[in-house]
Amino acid sequence: MHTKTIVELYKGLKNKDFSCVELTKHYLSRINQSRLNAFITITDELALIQAQVADDKIALGNASILTGIPYAHKDIFCTKGVKTSAGSKMLDTFIAPYDATVSQKLNQVNLVMLGKTNMDEFAMGSSNENSFYNAVKNPWNYSKIPGGSSGGSAASVAGGLSCFATGTDTGGSIRQPASLCGITGLKPTYGRISRYGIIAYASSFDQAGVMTKTSQDAAIVLNVMAGFDEKDSTSAEQKVPDYTTNLNISLQGLTIGLPKEFFLSDLDNKVANNIMFAIKEFESMGATVREVSLPNSVYAIPTYYIIASCECSSNLSRLDGVRYGYRSKESKNLEDLYLNSRSEGFGEEVKRRIMIGTYALSTGYYDAYYLKAQKVRHLISNDFKKVFEKVDVIMGPVSPTTAFDLGSVKDPVSMYLADIYTLSVNLAGLPGMSIPVGFVQDLPVGLQLIGNYWSESKLLNIAHQFQLQTDWHLRVPEEC
Amino acid sequence: MEWETVIGLEIHVQLNTKSKIFSSALTKYGKKPNSQACAVDLGLPGVLPVLNIEAVNKAIRFGVSINAHINKCNIFDRKNYFYPDLPKGYQISQMDWPIVGKGKIEIILGNQTKVIGITRAHLEEDAGKSIHDMFDDNTAIDLNRAGIPLLEIVSEPDISSAKEAVAYTKKVHTLVQYIDICDGNMQEGSFRFDVNISIRPKGQKELGIRTELKNINSFKFLERAINFEVKRQKDVLEDSEKVVQETRLYDSVKNETRSMRLKEETNDYRYFPDPDLLPVEISNELLEKVKQTLPELPDQKKIRFVTELGLSEYDADVLISQKSLADYFEVMLENNIVNAKLCANWVMGELSAALNKYQINIQNSPITAQSLSLLISRISDDTISVKTAKDVFKYMWDSKNSADEIIRVKGLKQMTNMVEIEVIIEQVIANSTLQVSQFKLGNNKILGFFIGKIMKLTSGKVNPKQVNKLLRKKLL
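Just so you know, the sequences run in chain order W and Y.
Under the numbering used here, think of the first position of the first sequence as 507, with each following residue one higher.
Under the numbering used here, think of the first position of the second sequence as 374, with each following residue one higher.
For the record, the hints were derived by calculation from the structure and aren't laboratory data.
Predicted, not measured: the structure shown is a model, and the values here were computed from it.
One or more hints might be untrue.
To be verified - Result set (DSS-like, lysine-lysine): computed pairs, CA atoms no more than 30 Å apart in a straight line:
| # | chain 1 | residue 1 | chain 2 | residue 2 |
| --- | --- | --- | --- | --- |
| 1 | W | Lys-586 | Y | Lys-404 |
| 2 | Y | Lys-607 | Y | Lys-544 |
| 3 | W | Lys-522 | W | Lys-611 |
| 4 | W | Lys-595 | Y | Lys-502 |
From just these sequences and the hints, can you work out the full model?
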């Protein structure tokens with residue numbers, strides 16, 4: 507049951523091959539036996555109640571395709587009455603008193619939430635090692651990282667602990683773990699999904715998305731999550747199409763751009779081979795390929811880390827130990843309370859980014875860092891704009907390597923390189939996807955698809971067509 | 374040495390929107406602590422601000438009413454600092470792109486006018502309140518005020534005395550109530566000031582070192598605080614010492630200013646554009662729409678009162694100084710028998726005195742504008758004398774009955790039958806031979822004696838002018 511897609515589970519539930527309660531119990535028992543550490547909170551009681559509600563709906567014939575599908579929710583989405591920690595000691599005791607818009611939308615279609623998934627603290631990290639709740643393991647190899655920050659979500663889907671999962675992607679946090687765990691991950695255009703109730707890391711980048719087994723499943727879930735929200739001024743008043751409608755359009759005549767900057771020496775040769783093999787597959791399906799250039803994307807890492815750190819330094823100010831969350835017990839006065847609560851409550855990487863951001867926004871440095879970075883951000887967006895005049899989709903690697911060993915990357919700057927191909931997409935606010943296209947030494951390789959603004963339909967179509975021709979996405983780790 | 378005072382003012386105007394500037398929580402004053410603070414105001418993880426366009430409209434109203442430049446592109450910035458009553462750890466404000474740009478306000482002092490430049494006015498959210506005297510060892514935080522929209526009006530350093538500062542702030546206070554963007558309630562903190570003060574030797578170009586007085590919420594304290602601070606700075610400089618640039622607190626009980634300086638005073642607010650809010654474009658259409666809904670402004674009203682109603686400048690100034698007073702006066706004029714000057718006298722005289730005595734707002738006056746106007750029309754049509762009218766006014770104040778009702782029940786209507794009046798006058802003359810002879814000897818003052826007698830006999834129900842005329846005729 508746990509290797510089935512949404513579409514398959516829907517059929518099974520509808521045909522009464524199994525009940526939603528049975529299905530949910532099956533997943534819950536797998537989660538309880540799992541050593542992946544993919545979950546921070548398992549909401550078993552709630553899940554079984556939701557499963558019963560779903561079964562009742564199915565019995566009455568009122569079920570939609572998502573009714574009763576068990577999923578895992580990244581612990582960055584506020585869930586009313588359920589602990590929402592964002593992977594931080596700071597929010598270890600925080601029970602959200604309200605639902606994020608995404609949580610609300612997922613509840614409305616009677617999905618079954620199995621639990622809240624592990625993640626890098628406040629979504630800051632590329633390996634899931636920055637979690638207060640310890641690292642998540644890669645289901646393909648327990649000594650490897652699953653990627654981050656949505657590592658728990660990716661491991662949960664790849665390891666058969668949930669049918670799909672939610673994620674957020676600020677600099678690659680959906681695509682990179684999807685790539686390293688061999689699943690399908692979609693980060694939509696900035697503004698496609700409401701940010702209301704998502705604990706903010708870097709507001710001008712944060713974007714929720716989906717992590718699924720197939721592109722078709724991603725389209726189904728995106729249908730529910732997408733849309734304007736009056737509670738989020740940065741969500742777009744853009745019509746939401748039915749993302750499943752265009753899945754079957756032929757790729758004949760599709761123009762693919764390969765940015766030469768994505769195939770330089772940083773890229774592992776074997777990963778590159780897999781990527782090129784997938785590109786050939788697209789060519790055989792009628793697509794043409796041309797080389798393109800994103801000259802400013804080489805500045806993506808510093809640009810991203812300045813702007814994102816600036817935003818996070820301000821976004822995390824509310825975590826001050828005064829109203830909720832962690833409060834240090836050893837405080838004699840107000841300044842102590844702030845200092846100790848924040849020093850003890852935040853992890854190393856979070857503190858590092860708060861420091862970088864605070865520094866970059868300070869008087870005398872603002873123009874040289876924040877303002878300059880914003881200008882480069884603009885140039886990076888323009889690069890994409892030019893390329894999309896010539897091509898339908900940009901393809902390349904998601905990550906320069908496959909999953910690396912847990913604990914092997916200690917230097918933060920080396921860790922930042924893991925996002926070298928994903929960051930520019932967030933800087934421009936474009937939609938991006940990762941789909942499995944092969945293995946290097948039994949570890950999955952993901953192909954990145956980057957589309958123009960609001961072209962999620964097109965990306966899902968391209969990915970779906972590829973998945974009709976290949977079976978990489980059907981491979982499961984031994985344990986499954 | 375002769376010194377010159379240089380003052381710049383920041384006025385914090387709480388805008389009277391129904392809901393807060395970035396959340397849907399209500400803005401009523403005096404509610405149970407934290408009962409008007411929603412998830413957004415509490416700064417919970419994950420919440421986002423959504424701009425209340427009403428606050429923008431009100432800010433535009435102010436800008437348009439002082440003919441200021443309105444910035445088409447509005448950006449909201451985050452002002453970052455830690456304080457327990459600032460839930461997000463930053464205040465959403467406007468740094469480089471304030472909604473209102475340069476403008477000016479004219480003030481009158483005696484018979485001189487002076488123009489005070491407005492540097493800018495920007496939108497921001499108010500912080501919560503820290504309450505230090507509720508619990509022994511803890512500070513209580515009330516976030517009902519957090520997120521109430523503020524318009525911060527910043528003046529040029531064009532003000533050179535406490536008197537000017539008061540005239541300027543009063544003028545703005547009147548204006549914001551006219552254009553209905555603020556309730557003007559100073560006790561509730563709806564209108565408060567920060568004052569920047571420096572002094573320099575007269576004639577010197579460059580400015581002296583300034584101090585800032587924060588959170589003053591009355592005109593009286595403003596005047597006293599400035600006077601105290603100017604004197605203090607003079608004393609410091611005349612002792613050849615230096616004024617320290619600092620924030621000082623005005624203590625209204627001791628009537629003094631005190632240094633508020635903490636050890637790490639200089640805050641770097643790390644302003645940057647709030648990524649949660651999109652820039653707000655102000656279209657020409659919106660600007661036009663706001664212009665068209667602007668009411669008659671105090672200055673325009675004053676001109677009309679003087680030129681069309683024939684009031685004196687002084688009377689016009691008093692009447693327009695409070696919108697509610699002007700409104701009351703204008704409702705009185707809807708009764709077209711009454712004379713504007715007479716109405717003005719009554720509003721500024723009897724009515725204001727009574728309101729003052731009983732500490733009642735004119736909006737809650739027991740005598741409505743319509744009924745006062747009716748009373749005055751009874752003077753105009755000679756039903757009662759002014760003196761009787763003053764008595765009727767008192768009855769009206771206490772009983773809330775109409776003037777006509779009181780005149781009827783108490784029988785206060787003036788005698789209009791000339792024959793009857795003449796009979797009474799003749800009777801008085803006949804009984805006062807001594808006084809008649811005195812009058813004939815040229816003692817005009819003795820007329821008062823006759824009138825007093827006549828008034829007594831008629832219970833004051835005669836028109837004194839008429840009596841005077843008749844009496845002189847009879848006595849000659």
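Okay, the hints, checked on the actual structure:
no.: 1; hint: Lys-586/W <-> Lys-404/Y; result: holds, 27 Å
no.: 2; hint: Lys-607/Y <-> Lys-544/Y; result: holds, 28 Å
no.: 3; hint: Lys-522/W <-> Lys-611/W; result: holds, 26 Å
no.: 4; hint: Lys-595/W <-> Lys-502/Y; result: holds, 29 Å
Checked against the numbered hints given earlier, this structure breaks none of them.
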